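Read off the chains here:
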Amino acid sequence: MKANFLKVSSTFLFVGALAMMMPSCKSAKSVSARDTGDIEILIPCTGSEYQTNAKAFRYSAMGESMDQMTAKKKAMSEARAGLAAAIGTKVNSVFDNYLKDVNYNNKEELMKNYEGITRETITQNLSGTIVICEKMMLTKAGTYKSYVCLELGGGEILQSLNNKMSNNEMLKVDYNYEKFKKTFDEELNKTGN
Amino acid sequence: MSMRRFLLIFQGLFLFILSSAFSQTKLGETNDNSSVPNQESISSIIALKSTLPCNYFSNISSSFIGVSDVGVDSVTARKQAYLRAMSMIALRNGLARGMSDFFNDTNGNQISSNYEELCELKTYCNLPVTGLKVSDSIWLKSGELVLFVTLDSTNVRRFERVNLNSSISIYYKENESDGSRKIINKISLENKLFYPCRETGHTEKLTYIVGNNRWLSKETFFDDKKIETDRYKIFYELLAGCAIDSTGCKEAGSNAVDGLWYAMMNNLYRQLSAQLKEQFVKVKKVGDKYQDKLVSLNRESGYFKFGCVLLDGALVDNKLVTRIKTEFPSTK
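Protein chains in written order, with the numbering used here: chain A, 1 to 193; chain B, 1 to 332.
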């Protein structure tokens, strides 16, 4: 009877020890994020599909407010301003590269004209933006968080720039659309695919 | 004997504290007179319960609604509701200009921001008097008159026309600093109705200010006469069995405790300003970023034509929401 009891208890002890050893058999390479204590933070309207690429400018932003509508207004304001700044930088870069390749007698005067056109184009083109992502969250504190991502197609900006440059008396003489389009495409391709 | 004296002194002290507290509130010398009504106003507040019929919201899509204030005589109520319904017609043809500033100062976890926005709208309509037909009218239990006006193009006689000009200003400010948020929303509107042939008309001026989602003040003048509505607190409910879509009512609805028209206008103009904001296409940004500190100012502005119609609405827990459709024809 005693021997039987010892046999059963030793079997339980063996199985228990085996069970305790099992996690240690796991490969060191497959340590999950949960084991390390890291938590993945998911931010709405962000990620690869919401980033600027060769086809379109994109900008994600967040706005927080006690009021649902104002949260969205703030997010839209940030996104629009960010988009305007990104387009401004890119278009200026296009102009710089374009001007390097062409010869003008009065380059300084021409630069001033270009700057004016860029600014005007950005303010006009922002009316064609589309919201490609929109999420509204209610926080524990009772405030609203609005996440948005705006998009503006590169083609629309190019079209607008082309119209401005074609109509400008000073630029009309030497403006070469095909050359400018090539520079524009090159610059946008640098951003990504 | 000493106990009696003690009681007398205690009674005297109590009366002194009570009288001084009363005189302070009566003079309105409280720190926050917006949230603490004085003794006089508490005693004169009249709570009313009102029921909206099922067709209240369904009629909105097929006609133009106008609601009078509570506590006005029937003649004034009719004029007021008619003028307000006309102002809804005028909303189909408007011109807007607006600007918003969003300042943000982030230093580590400390955030200080200021959002300010102003929208100014001008709306206008000129219609034949006989082409306007009151299709339905309802007297609510609360004493408000609801008129539904339709445009009848078959009954149009020449020379009898009526004009309505509206000027609307929607101001919104939200300030965040030291972890606290303050919101001010001010809506001012002026409606001028004029019959050129009769050389008569009516004017209405409304101003209401909402702070942190609570009414701070509201004023209505009809034909230069102030309408007292402050003492009424109204609780609305829909007639049992009405099927309405109450989506978004609790989150985005406006408190109707101060009257149906105030809630409708507050909700409509706040929504309209949000839609107009999408048309602020001129963008300016100034920013500064170094280490943990980020300071930026975004300015947006716009000038454009718009047309707005009320589609329908909903009411849940005395919160009213309106659904609108806004179009933006190109502005030259």
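Rather than coming from a laboratory, the hints here were simulated on the basis of the structure.
Every value quoted in this text rests on a predicted model; they were computed, and no experiment measured them.
In this text, a Cβ means the ideal position worked out from N, Cα and C, and glycines have one as well.
Treat the hints with care, since some could be wrong.
In silico negatives: residues of chain B with every beta carbon more than 10 angstroms from chain A [said to hold, decoys possible]: (1) Thr130; (2) Arg161; (3) Cys197; (4) Thr203; (5) Asn255.
Only pairs whose alpha carbons sit at most 16 angstroms apart, straight line, appear in this in silico EDC-like list of lysine to aspartate or glutamate [stated by the list, open to error]: (6) Lys55/A with Glu187/A; (7) Lys305/B with Asp317/B; (8) Lys182/B with Glu187/A; (9) Lys145/A with Glu190/B; (10) Lys173/B with Glu64/A; (11) Lys325/B with Glu278/B.
Results of checking the hints against the structure:
no.: 1; hint: Thr130; in the structure: holds, 40 angstroms
no.: 2; hint: Arg161; in the structure: holds, 36 angstroms
no.: 3; hint: Cys197; in the structure: holds, 42 angstroms
no.: 4; hint: Thr203; in the structure: holds, 30 angstroms
no.: 5; hint: Asn255; in the structure: holds, 13 angstroms
no.: 6; hint: Lys55/A with Glu187/A; in the structure: holds, 11 angstroms
no.: 7; hint: Lys305/B with Asp317/B; in the structure: violated, 35 angstroms
no.: 8; hint: Lys182/B with Glu187/A; in the structure: violated, 44 angstroms
no.: 9; hint: Lys145/A with Glu190/B; in the structure: violated, 34 angstroms
no.: 10; hint: Lys173/B with Glu64/A; in the structure: holds, 14 angstroms
no.: 11; hint: Lys325/B with Glu278/B; in the structure: holds, 14 angstroms
Of the numbered hints given earlier, the model fails hints 7, 8, 9; all others are met.
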